[in-house]
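Trainee: Sequences listed follow chains A and B, in order.
Letter by letter, the first sequence follows residues 58 to 315 of the working numbering.
Letter by letter, the second sequence follows residues 14 to 276 of the working numbering.
The hints are simulated quantities; they were obtained by calculation from the structure and are not laboratory data.
Remember, predicted model here, so these are calculated numbers, not experimental data.
Where hints are given, some of them may not hold.
Pairwise CB distance ranges (calculated) [stated by the list, open to error]:
1. B:H257 <-> A:N64: 48 to 54 Å
2. A:V295 <-> B:I200: 50 to 56 Å
3. A:V295 <-> B:D134: 46 to 52 Å
Glycine included, each C-beta is placed from N, C-alpha and C at the ideal position.
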Amino acid sequence: MLSFIQNIGRTALTFLSALGRLTLFSVIAVRWIFTPPYYWQQLLRQIIDIGYYSLPVVGLTTLFSGMVLALQSYTGFARFSAEDTVATVVVLSVTRELGPVLAGLMVAGRIGASMAAEIGTMRVTDQIDALDTLSTRPMQYLVAPRLLAGTICLPFLVLIGDVIGVFGGYIIGVFRLGFNPAIYLSRTLEYLEISDVTLGLIKAAVFGFLIALMGCYHGYHSGRGAEGVGRATTNAVVSASILILISNYLVTALFFGV
Amino acid sequence: MTATPKIELIGVTKTFGDNAVLKGIDLQVAAGESLVIIGTSGCGKSVTLKCLNGLITPDGGSIKIDGVEIFGGDRAAMEDLRRRFGMTFQFGALFDSLPIWENVTFRLRQRQKLTKAAARDIAVATVTDLGLAPHVIDQYPAELSGGMQKRVALARAIADKPEILLFDEPTSGLDPITGGVIDRLIIDAVQRLGATTVTISHDMASVRRIADKVAMVHNGVILWCGDVKDMDKSGVPEVHQFVHGLAEGPLTQTAAPAQQGRT
Ligand SMILES: Nc1ncnc2c1ncn2[C@@H]1O[C@H](COP(=O)(O)OP(=O)(O)O)[C@@H](O)[C@H]1O
Ligand SMILES: [Mg+2]
Chain A
58 MLSFIQNIGR
68 TALTFLSALG
78 RLTLFSVIAV
88 RWIFTPPYYW
98 QQLLRQIIDI
108 GYYSLPVVGL
118 TTLFSGMVLA
128 LQSYTGFARF
138 SAEDTVATVV
148 VLSVTRELGP
158 VLAGLMVAGR
168 IGASMAAEIG
178 TMRVTDQIDA
188 LDTLSTRPMQ
198 YLVAPRLLAG
208 TICLPFLVLI
218 GDVIGVFGGY
228 IIGVFRLGFN
238 PAIYLSRTLE
248 YLEISDVTLG
258 LIKAAVFGFL
268 IALMGCYHGY
278 HSGRGAEGVG
288 RATTNAVVSA
298 SILILISNYL
308 VTALFFGV
Chain B
14 MTATPKIELI
24 GVTKTFGDNA
34 VLKGIDLQVA
44 AGESLVIIGT
54 SGCGKSVTLK
64 CLNGLITPDG
74 GSIKIDGVEI
84 FGGDRAAMED
94 LRRRFGMTFQ
104 FGALFDSLPI
114 WENVTFRLRQ
124 RQKLTKAAAR
134 DIAVATVTDL
144 GLAPHVIDQY
154 PAELSGGMQK
164 RVALARAIAD
174 KPEILLFDEP
184 TSGLDPITGG
194 VIDRLIIDAV
204 QRLGATTVTI
214 SHDMASVRRI
224 ADKVAMVHNG
234 VILWCGDVKD
244 MDKSGVPEVH
254 QFVHGLAEGP
264 LTQTAAPAQQ
274 GRT
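In isolation and in its complexed conformation, chain A is listed as follows:
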């Protein structure tokens, strides 16, 4: 009984200290974002890596999600003769929910893993220590540009994903379900509000920050050897994905009814 309580206590303490370390890590990293010198080259490299090279993954994901959404909502709404709402349902679901969450999860797999692997490898091969010996702060040189790039890039990716997702819905609506193109388009825009899009973009920025934070944090504290880097990579992807789903709820709840 006592050992049971001890276990709970120990787990809680471990959790709290991990949370504390993570918070400290992000505070330090964010402060270095705004302190010169600025490593533009690093930032640019990350923006290309996150923003540009994730386009195919995000595009494909949202395209097929928009398509399947059109089919499924048609099936559902046909049962009470509300087929007309398909376009509205597609655009609202994509911009408010599916675009950010799917893009976030896909990018978490791609970018979270590669950041953790790259920084983790630098840790276990002493490259991070080497930075310290060469008048460069690893947090500022490695972590800060990644956090900034993640936060900037995800909203753009999601915006493009939104358009592609809606386009996927349009293709199905027009070519498979027989909607009139002009009517489908006007239905798409009729009930869409700016706040739907901005909500999605705010979510995207939060997800982008969290993905980069998890990738950097786990890589930075990678255990020794190839095994340590492997574990860091897995942890980065899993924790980023979970944090995306949790923060997705929190942001939605925060803006609910707004």
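Using the hints provided, position chain B with the ligands relative to the given structure of chain A.
Mentor: Coordinates of chain B with the ligands only, in the frame set by chain A:
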């Protein structure tokens, strides 16, 4: 008066988890002196070296550079201190994602604005000094042999003319000839810079070439420390065994703790 030692360690301790690696290291290095640290794998040589420029914070004890405690100040003080050091790592630790010229001039370009052309000129001068071909500067670390990587790491460490040089196994894994070349480069660089050096080495031929003083780490303390010429008549069985590479002796019974990952 007796001069303040350049580097002084008093009772430095460090424990990782329940692995007590350093149990009280005492060491002094005079200005301009070349100290070599020897000891079995995993005995804590690299950890000791990383304590000297604050990459690892010891649990206890004191480390002084020019008589000033290095862990007494804030982060800025530590950054200033690190500028006075140059270091090479056991496994090179070159930046994989940067070409050689950016590796070599990394620290210079952090400190001052340099045009790309100027930086490349400096890189060419530095690598040719170390006996490498000029076109190497456009290659990436992974494209170079072990010996070339060690030279580049050396170039990166000394590019900014530091006062104190730390070399972690600069010749291990190299053939004897390349090892000899690296030793020569180290001796030249040190004479040119007038630097104080601490080197870790397993290679006794190399130790005899570059050391003024030798310290042997064993079981977390300095077992023996003295002039390199006294190394053969230390009278300490562990030192005798290590220096002559004997399989039988006191070191075999107290084997180093199992290595996880790397040493
Ligand atoms: N960052 C670290 N975390 C945990 N243990 C470490 C770390 N660095 C070194 N060690 C342990 O300290 C011991 C000494 O390592 P090291 O100084 O690298 O040995 P060597 O004398 O071969 O250079 C080893 O047992 C190693 O496992
Ligand atoms: Mg070592």
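Trainee: Hints first: check each against the structure and report whether it holds.
Mentor: Okay, the hints, checked on the actual structure:
Taking 48 to 54 Å as the suggested C-beta distance range, the pair H257 (chain B) and N64 (chain A) conforms, at roughly 53 Å. For V295 (chain A) paired with I200 (chain B), a C-beta distance near 51 Å keeps the hint of 50 to 56 Å intact. Our hint of 46 to 52 Å for V295 (chain A) and D134 (chain B) holds, since their Cβ atoms are close to 48 Å apart.
Checked against the numbered hints above, the structure violates none of them.
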